Structures are given as C-alpha cells and as structure tokens.
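Enquirer: Sequence:
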Amino acid sequence: MFKPIHLTAAGAAVCAAVTAPAIMAVPALADGAAPTYVSFDKHYVGDGQFDGTTGGAAPGTVHTVCNLAPNNAVLVRLTCDWQISAGERSFDAPLTGILNWPTGNVVMNGEIASGWQAGAQVHETGHLVNAATLEFAGTIRIQP
464 MFKPIHLTAA
474 GAAVCAAVTA
484 PAIMAVPALA
494 DGAAPTYVSF
504 DKHYVGDGQF
514 DGTTGGAAPG
524 TVHTVCNLAP
534 NNAVLVRLTC
544 DWQISAGERS
554 FDAPLTGILN
564 WPTGNVVMNG
574 EIASGWQAGA
584 QVHETGHLVN
594 AATLEFAGTI
604 RIQP
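Residue numbering for the sequence shown follows the working numbering, beginning at 464 and increasing consecutively.
Among these hints, one or two may not hold up.
[As the list claims (entries may be wrong)] Quick list of simulated restraints, FRET-style, between CB atoms:
id, residue 1, residue 2, range
1, Asn-534, Ser-577, 27 to 35 angstroms
2, Pro-565, Pro-607, 20 to 28 angstroms
3, Val-537, Pro-607, 33 to 41 angstroms
4, Ala-576, Ala-536, 28 to 36 angstroms
5, Gly-509, Pro-607, 32 to 40 angstroms
6, Thr-559, Glu-598, 18 to 26 angstroms
To be clear, the hints were calculated from the coordinates, so they are not data collected in a lab.
Here the structure is a predicted model, which is why all the values come from computation and not from measurement.
Here a beta-carbon is modelled for each residue, glycine too, at the ideal position from N, C-alpha and C.
Turn these sequences into a full structure, and let the hints guide you.
Expert: Right, dumping it as structure tokens:
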C-alpha cells in the first residue's frame, strides 16, 4: 500500500527537477514579451481592397490593399498592406504570405511599419468564410 505513494512522491520529485529549468525561462514572457492578438473580419470591396472590423487588443476597423501573384491554381502569393484604425492602437503592417484556395486558409508575416508597436513581428492567420463576398476572418498575432 505504501509503495505506490512512495513512487508517486519520487515521480513528483523527478518531474520537479526536470521542469524547473523550463519554469525559470518563463519570466521573460512575464516581462511584457507575450504576444497580443487582434481579431478581424473583412470583405472584398474591389480593386484588391478589403474593409472590415477588428477586435481584441485593437478594436476598430481594418483596410487592406492586396496584390496577388498566383503560383498555380491552388496557391497564391499575397502582399497586403494592413491598415488598422483603432485610436491609440492604430498601426500599418505590410505583410506577405500565401492563400490556399482549396482550403481557404491564409498565412502572412511581416512587421509593423508604423503606429502602435512599430517594429513588432506580425503573424496573420485567416480563413475564407464566405466565397461569394470574399469575406475573411482571422487573427493577427503581434509579438514585441
């Protein structure tokens, strides 16, 4: 009866010894380096432009101007200028990435060129939610 308890205590000691170095690395994130997230929902308005709304860390509006360069019938290279209008949290971020037409998934990367958190890395993930209106929704992760 005491043997399982003894093994559990020994297992906990080993677990603590193994995870202690990882826990000591966490304070870097606690110092403000954690990412912030901005949600978006936008639709096509013509001429490679999209308009919509944002939420999360920067509630407001989004306007993107995109240039497309198809690789093939499946993948399209994108270069988009993201303009987020959210008061003191407004920013402009030129991003590049890929649109996968069959899945509707978009992934883009870049950095904030001006405004709130200028110089921070940006990772955008979106998804086509309405093919008829070319409506995309997703998240912008900002990593200082």
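Enquirer: Next step is simple, just say for each hint if it's right about the structure.
Expert: Status of each hint after checking the structure:
1. Asn-534 - Ser-577: 27 to 35 angstroms: The hinted range 27 to 35 angstroms holds for Asn-534 and Ser-577, with Cβ atoms some 30 angstroms apart.
2. Pro-565 - Pro-607: 20 to 28 angstroms: At 35 angstroms between Cβs, range violated.
3. Val-537 - Pro-607: 33 to 41 angstroms: For Pro-607 against Val-537, whose Cβ atoms are near 34 angstroms apart, the range 33 to 41 angstroms holds.
4. Ala-576 - Ala-536: 28 to 36 angstroms: 32 angstroms, holds
5. Gly-509 - Pro-607: 32 to 40 angstroms: 35 angstroms, holds
6. Thr-559 - Glu-598: 18 to 26 angstroms: 22 angstroms, holds
Violated hints amount to a single one, hint 2; each of the other numbered hints is respected by the structure.
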